[in-house]
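> The primary structure of each chain is shown beneath.
Protein chains: 4
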Amino acid sequence: MLTSQLLPPLEAIPKFTALRQRYQAVRDQTADLCRPLLPEDTVVQPIIDVSPPKWHLAHTTWFFETFILKDHQADYQVFHPDYAFLFNSYYNSLGSRVNRADRGTLSRPPLNDVYAYRAYVDERIVHLLDTLGATGSEVPAAFAGLFELGLQHEQQHQELLAADIKYILSTSPLAPAYLPAPAPAPAPAGSGPALPPATWLPIAGGNYRIGYEGPGFCFDNEQAPHEVYVADFSLQNRLVTNADYLQFMEAGGYRDFRYWLGEGWELAQQAQWIAPLYWMQHAGAWYRFTHHGLQPLNLAAPVTHVSFYEADAYAHWAGARLPTEQEWEIAARRFRPAVAAGTFLESRAFDPQPLAPGADPAQCHQLLGDVWEWTYSAYHPYPGYQRAAGALGEYNGKFMLNQLVLRGGSCATPASHIRPTYRNFFHADKRWQFTGIRLAR
Amino acid sequence: MLTSQLLPPLEAIPKFTALRQRYQAVRDQTADLCRPLLPEDTVVQPIIDVSPPKWHLAHTTWFFETFILKDHQADYQVFHPDYAFLFNSYYNSLGSRVNRADRGTLSRPPLNDVYAYRAYVDERIVHLLDTLGATGSEVPAAFAGLFELGLQHEQQHQELLAADIKYILSTSPLAPAYLPAPAPAPAPAGSGPALPPATWLPIAGGNYRIGYEGPGFCFDNEQAPHEVYVADFSLQNRLVTNADYLQFMEAGGYRDFRYWLGEGWELAQQAQWIAPLYWMQHAGAWYRFTHHGLQPLNLAAPVTHVSFYEADAYAHWAGARLPTEQEWEIAARRFRPAVAAGTFLESRAFDPQPLAPGADPAQCHQLLGDVWEWTYSAYHPYPGYQRAAGALGEYNGKFMLNQLVLRGGSCATPASHIRPTYRNFFHADKRWQFTGIRLAR
Amino acid sequence: MLTSQLLPPLEAIPKFTALRQRYQAVRDQTADLCRPLLPEDTVVQPIIDVSPPKWHLAHTTWFFETFILKDHQADYQVFHPDYAFLFNSYYNSLGSRVNRADRGTLSRPPLNDVYAYRAYVDERIVHLLDTLGATGSEVPAAFAGLFELGLQHEQQHQELLAADIKYILSTSPLAPAYLPAPAPAPAPAGSGPALPPATWLPIAGGNYRIGYEGPGFCFDNEQAPHEVYVADFSLQNRLVTNADYLQFMEAGGYRDFRYWLGEGWELAQQAQWIAPLYWMQHAGAWYRFTHHGLQPLNLAAPVTHVSFYEADAYAHWAGARLPTEQEWEIAARRFRPAVAAGTFLESRAFDPQPLAPGADPAQCHQLLGDVWEWTYSAYHPYPGYQRAAGALGEYNGKFMLNQLVLRGGSCATPASHIRPTYRNFFHADKRWQFTGIRLAR
Amino acid sequence: MLTSQLLPPLEAIPKFTALRQRYQAVRDQTADLCRPLLPEDTVVQPIIDVSPPKWHLAHTTWFFETFILKDHQADYQVFHPDYAFLFNSYYNSLGSRVNRADRGTLSRPPLNDVYAYRAYVDERIVHLLDTLGATGSEVPAAFAGLFELGLQHEQQHQELLAADIKYILSTSPLAPAYLPAPAPAPAPAGSGPALPPATWLPIAGGNYRIGYEGPGFCFDNEQAPHEVYVADFSLQNRLVTNADYLQFMEAGGYRDFRYWLGEGWELAQQAQWIAPLYWMQHAGAWYRFTHHGLQPLNLAAPVTHVSFYEADAYAHWAGARLPTEQEWEIAARRFRPAVAAGTFLESRAFDPQPLAPGADPAQCHQLLGDVWEWTYSAYHPYPGYQRAAGALGEYNGKFMLNQLVLRGGSCATPASHIRPTYRNFFHADKRWQFTGIRLAR
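Respectively, the protein sequence lines represent chains G, B, C and W. Just so we're aligned, residue 1 is where the first sequence starts under full-length UniProt numbering, counting upward by one. Just so we're aligned, residue 1 is where the second sequence starts under full-length UniProt numbering, counting upward by one. Just so we're aligned, residue 1 is where the third sequence starts under full-length UniProt numbering, counting upward by one. Just so we're aligned, residue 1 is where the fourth sequence starts under full-length UniProt numbering, counting upward by one.
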């Protein structure tokens with residue numbers, strides 16, 4: 001059973017019909033993301049970080065089957081007795097499973113069977129909601145929280161799907177496009193004015209509240225809300241752009257150990273990094289592999305697909321530093337960014353977008369959407385954090401070491417999935433997500 | 001250009017129409033093998049030894065494009081400029097290529113594009129043969145030899161396809177069947193009489209000729225024919241069966257280092273081998289994963305999917321040894337096995353078959369087909385062996401170290417692809433091919 | 001050149017004669033630690049974390065040669081032109097060097113040459129100090145700071161030496177003693193009363209100052225002093241003992257994933273951890289390898305040689321948590337532990353000692369010395385931290401990721417080397433240092 | 001018990017006094033080889049192939065303790081109960097042991113203890129021989145064979161010692177000399193006439209006897225003697241020289257895959273081989289690390305420290321091939337090389353020597369001593385080979401796969417340890433032994 005800590009009471013308890021509507025919308029979004037894929041695209045795992053889309057489709061379904069149907073639907077028959085072994089991600093509480101590294105070795109079950117699995121579970125979920133709703137009773141808070149967790153979980157996998165699909169397609173020298181390039185095409189490389197230099201926005205130090213406090217949903221890792229002290233600091237009003245980052249590259253940033261953390265420098269040498277992931281140079285010009293195939297570099301767009309090591313080295317070179325997650329959250333409370341202003345998954349842009357040239361230099365832009373912003377904060381439990389009992393206690397808590405917090409969501413995040421208190425986390429070497437840089441000092 | 005050493009003159013120079021007929025038959029067989037597969041099955045590479053079926057389909061096509069069309073068809077336009085990078089297997093002469101270990105990371109080009117590639121090349125090959133045949137001229141020997149090499153090459157990949165498909169499907173706990181099980185089903189495990197003990201067939205020592213001498217096609221590694229001396233020896237009249245091998249297992253064969261070569265013992269411990277590949281025990285009975293799904297062990301059938309290490313350990317335990325390739329070939333010349341008596345790819349049995357209970361104990365059975373027989377002979381060049389010049393010099397010669405020779409073909413070998421002089425070769429640890437054991441002393 | 005940030009002005013500028021005295025005392029301590037070793041003991045590197053004692057002897061000497069003599073002694077001739085390559089640890093600024101993993105492959109230079117190197121540098125350092133002192137001038141602050149860094153650096157290596165020597169001797173089944181066991185021997189395993197349960201000491205939350213603020217020496221990572229807010233918390237009044245830890249073990253702590261962080265659980269399974277490093281069970285009783293050979297477990301002594309993962313799992317099992325480094329420092333300021341009360345290197349006990357049975361339960365004991373206490377704080381830069389320019393900028397700053405802070409010093413720390421603000425740091429999996437556990441909640 | 005197959009009756013059964021004399025001479029030679037070493041040199045293991053000299057000293061002693069004293073000396077007390085665990089090399093029959101890869105992690109027992117172990121065993125062996133000799137009885141054949149095996153075993157380790165010491169000292173940038181360079185020093189690089197081109201010596205094909213047939217000692221792998229057929233072939237009358245090999249290097253031999261076996265080419269690329277082991281280029285001239293430190297390349301000397309892959313690539317480039325072991329042995333019987341003409345361990349040259357300029361071109365030179373000659377023959381059992389029962393059955397038989405036979409002994413082989421039938425064996429990638437090249441065609 002889930003503690004209230006993990007799933008605080010939702011603001012307005014939804015009606016069952018609303019729940020059903022939301023469920024179908026979220027589930028449709030997942031299927032919609034996979035629609036441009038061929039069956040062949042849905043089974044490969046080029047690196048361990050990337051899971052096959054077929055696996056995402058099934059795993060998110062298994063989540064509803066395991067945490068909702070098994071516990072709330074009397075006499076529920078699982079779709080297939082082996083699917084728990086195949087599609088459990090990392091829950092030791094729920095038994096043995098396919099090793100993460102082996103997800104790409106499995107051609108079966110085929111994609112069609114996975115879609116049948118989705119349909120089977122969807123039908124039973126809808127039936128369950130309808131049955132519960134028919135009694136006229138309110139949605140119980142515990143059920144509502146658990147159900148919302150399933151939806152948020154699926155949204156997390158939508159974001160992973162967007163990043164994984166990009167990586168999968170990028171391995172081919174054919175540089176296939178997931179979707180046709182949008183019109184009008186981005187400006188040619190080097191052409192057009194890059195953005196003017198960023199401005200610094202000062203924020204006064206003092207004691208602040210951090211963490212999620214509202215009603216509504218949050219993950220357990222945003223809890224408990226607590227007080228922190230921070231000193232005066234400044235944030236840049238916009239993200240670091242490709243033009244900015246090119247300057248770092250051209251100044252020899254990838255060849256000078258002085259900017260780098262020790263482990264980052266070793267990795268960069270060994271992996272022969274000379275640019276962000278997906279960049280390639282052709283006839284003197286830089287291109288990037290995108291969901292729309294190979295595209296010229298847009299200088300004004302935020303740089304993305306950089307590791308923490310690169311973000312930190314860039315900041316050193318620029319005479320600045322990365323913010324802490326507390327600083328970022330304080331700034332977000334101060335500047336109250338509108339979700340509508342950011343680029344999210346629903347845009348199907350799949351790429352962070354340049355700031356409008358005339359943007360107000362006194363505002364802090366691009367806080368939500370576009371790219372996840374690396375912070376120099378370890379992903380550790382907040383004071384008072386408690387792991388839930390049971391399998392869901394493994395959802396977040398056991399990962400709270402050796403990873404960094406990222407904030408703000410990206411162009412691959414569903415718009416309804418982001419909050420200023422949201423804590424994403426990756427190891428410092430990861431580059432396949434839409435990660436980017438905002439400077440502090 | 002190919003030396004005559006690599007491709008000796010064919011017995012009867014075929015007419016172009018016959019060439020065309022044979023080409024289409026071979027190419028159809030490849031496509032037929034892949035027909036039961038789903039697109040998902042054709043892209044995964046669960047271990048480095050196993051190539052995705054899509055890759056086999058394309059690589060064999062690339063072979064004809066590269067070695068026939070590019071050199072013999074004026075103004076030939078390749079189907080796609082990137083395919084040489086994607087589908088070259090190991091020819092350094094032909095430039096850089098996808099690493100062998102990365103073949104399973106590529107979802108693109110999709111299977112349909114690969115079929116289109118096959119159709120494109122097939123059409124142009126047929127056109128070329130028709131054009132050449134239209135002049136009424138005979139097929140030039142060099143062209144015939146090269147063309148035959150393309151066909152034999154494709155047949156080798158048919159055998160690999162059969163083994164790779166089995167491995168790919170075996171990785172799933174669903175134990176999917178490639179084809180429905182044949183009727184009547186094999187006898188239940190443990191039931192029915194196993195074969196009576198094998199008999200020993202003595203062969204007198206002396207000087208013998210070894211290697212291919214006829215007209216017709218052979219690979220360069222079967223050349224040059226040469227003389228050897230062997231001492232008196234005996235071969236068993238049949239293959240080692242599952243019943244025989246079970247005795248070894250039950251006698252602790254996998255737990256007693258004394259039977260094993262040092263490197264084999266270390267590997268067996270580290271990989272925790274306790275039975276041949278694909279065996280699994282359930283409720284006290286042994287089953288095997290086959291092309292027809294999980295099947296009870298047929299005690300009378302030849303054991304297969306054993307490494308050289310296991311074959312050698314079995315022989316030690318049995319107080320015997322493995323034959324040399326020379327002994328095997330001498331026996332094959334002496335007993336003149338009929339291809340018709342063996343189980344080959346065309347049977348679609350995909351499993352070695354038991355010897356008929358009343359088989360003549362004075363005959364040497366199962367020499368051709370059913371399983372490749374491990375010999376205790378290193379795959380080294382024969383005296384007088386010469387690598388061909390150019391890319392085809394890389395076909396066989398560069399692999400002549402650290403591998404063992406296997407003889408006789410298997411149930412996955414096309415029947416027209418085997419000869420008593422045929423030298424197959426694998427590293428001692430490989431188990432995914434249809435490999436088996438015949439004892440000598 | 002060193003910034004003042006890295007090396008703040010020392011409290012009382014020492015006279016040159018005092019500097020000389022301190023230099024000789026520190027250098028003698030290093031040699032004294034190596035005296036019981038055989039030449040054979042000084043060259044091996046059983047794991048990458050452990051450096052050969054010969055290397056420590058030379059590297060600390062190279063530090064003085066490089067940072068003092070080369071810059072301050074006119075016409076200084078290095079002892080040997082290859083020693084910089086051999087004995088530079090990790091300073092990219094100072095050129096290429098032997099890989100860390102290869103330190104144990106080098107038998108040459110022999111130990112005697114390294115002692116000659118020490119004598120050569122010692123003589124020149126003393127000469128330099130005497131020459132500078134002869135002018136009657138005061139020791140310039142920058143020189144004093146740099147010189148003190150050399151001494152503190154050597155003390156850090158004394159601690160590493162103590163831990164590395166233990167590991168080196170432990171690899172032998174002969175279980176050799178570095179020093180004879182002290183008399184009286186520790187109480188036999190299981191005998192004698194273990195300590196009574198620890199008490200909880202509450203500390204009020206609020207804003208506190210953190211970081212080094214005095215005159216005198218500190219490392220750059222203790223800078224800059226800054227304000228933090230912490231909530232109310234409690235610390236245990238003593239360290240977790242072997243008796244405490246045995247309860248965790250006997251309750252199945254190493255077999256229950258629920259207590260563990262994900263990466264820790266995987267490591268513990270793969271490495272087959274079932275107890276702290278150096279523990280072994282014999283005839284039902286637990287023993288520990290120590291500097292005095294194999295010794296029965298003293299139940300009342302603090303547990304040591306545990307990884308962060310084990311410390312954290314223990315805390316979970318005990319219904320508590322590890323403190324943050326801020327909490328630890330606040331407690332240390334509050335309870336003002338006396339260095340004299342702790343067990344340090346000078347005791348030559350090389351093992352944490354039990355708390356006296358009648359110790360005041362209202363005091364916080366064992367804060368300094370005995371074992372380094374894991375905190376759940378990432379080793380990140382403090383606000384306002386600046387890397388020094390030049391090679392010394394590599395001393396600490398580049399390691400500030402993926403490690404945890406440990407506080408308080410251990411039985412292997414020189415007593416003059418510890419401060420309440422001292423930040424030690426190791427990766428979460430390390431166990432060969434004298435690391436231990438204090439609980440918070 | 002040892003079968004007669006493994007240890008055939010010795011020609012003249014030696015008297016016990018002669019046995020004692022020979023024992024002392026062999027044992028002294030081992031100690032003499034280690035005399036120039038420092039204790040530090042005797043414990044390191046820079047690569048897995050290289051064992052610490054201390055280990056060789058102890059392991060050879062353990063061999064006599066285990067196979068002679070334990071079985072033939074009543075009430076024998078082992079020197080130390082842990083030494084069997086520490087110094088057993090690879091005999092599964094004799095229980096668990098230190099992993100081969102971990103021999104360099106053990107500083108204890110110290111070198112002096114190992115010398116005490118040698119003295120202890122020597123005294124008891126001498127006592128045993130004296131006691132047995134005092135009865136006036138002849139040495140029983142089985143005992144004589146077993147004792148001789150102990151001596152030959154120790155001689156094998158003398159050769160390994162010579163190669164391992166070289167490797168150990170080579171890892172230091174100090175390039176220490178094991179012994180002072182002999183006078184006169186070798187001719188400077190490039191100076192002096194290299195040898196004239198080798199001549200080809202034809203040998204008629206036919207049936208020949210192979211394997212050891214005399215009385216006296218041989219290893220079991222030289223048994224049983226048997227008949228082979230070989231075709232006409234030619235051998236070169238001398239070894240390939242450094243001058244010859246330089247031509248290959250300068251012709252781009254390390255950059256052209258066409259000369260190489262596939263696995264060799266991959267290894268050479270990955271390991272970045274550009275010359276034999278121990279070669280280094282300085283100011284345009286080539287030098288070699290030797291037992292006498294860094295020395296200019298002597299063009300006339302035989303090339304050494306090449307892998308099989310390099311030897312085979314060289315042969316391809318030169319339009320020739322490597323001999324088989326049968327060809328080599330037939331040539332050796334034909335040309336009856338004198339041991340006295342070769343360079344062996346007793347010379348303390350530790351380097352193959354140039355052929356005298358006026359050497360007879362019709363003779364086959366340098367067959368014995370100087371360098372082990374790679375053959376293109378797999379190290380497989382001879383027909384009729386039988387592993388001995390018991391632990392000694394593990395001496396040779398279990399290694400008979402994936403290695404190549406080398407013939408003729410080297411400058412590190414004791415002169416009394418070589419025979420024309422002697423089969424040495426290494427994996428194809430090994431370079432740290434004194435391996436070289438003779439061409440055949």
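A hint or two may mislead.
[Said to hold, decoys possible] Ranges of calculated distance between the beta carbons of each label pair, as one might list FRET restraints:
#, chain 1, residue 1, chain 2, residue 2, range
1, G, 78, B, 390, 33 to 41 Å
2, B, 73, W, 270, 34 to 42 Å
3, C, 85, W, 142, 50 to 58 Å
4, W, 142, B, 207, 36 to 44 Å
5, W, 77, B, 207, 54 to 62 Å
6, B, 390, W, 177, 30 to 38 Å
7, G, 347, B, 123, 38 to 46 Å
8, W, 90, C, 390, 45 to 53 Å
9, G, 347, C, 85, 50 to 58 Å
I should point out that these hints are in silico values taken from the structure, not numbers from a laboratory. We put the CB at the ideal spot given by N, CA and C, even for glycine.
> Would you mind marking each hint as holding or not holding in the structure?
Taking the hints in turn, this is what the structure says about them:
no. : hint                      : verdict
1   : G:78 - B:390: 33 to 41 Å  : violated (58 Å)
2   : B:73 - W:270: 34 to 42 Å  : holds (38 Å)
3   : C:85 - W:142: 50 to 58 Å  : holds (56 Å)
4   : W:142 - B:207: 36 to 44 Å : holds (38 Å)
5   : W:77 - B:207: 54 to 62 Å  : holds (58 Å)
6   : B:390 - W:177: 30 to 38 Å : violated (49 Å)
7   : G:347 - B:123: 38 to 46 Å : holds (44 Å)
8   : W:90 - C:390: 45 to 53 Å  : holds (52 Å)
9   : G:347 - C:85: 50 to 58 Å  : holds (55 Å)
Violated hints, listed in ascending order, are 1 and 6; each of the other numbered hints is respected by the structure.
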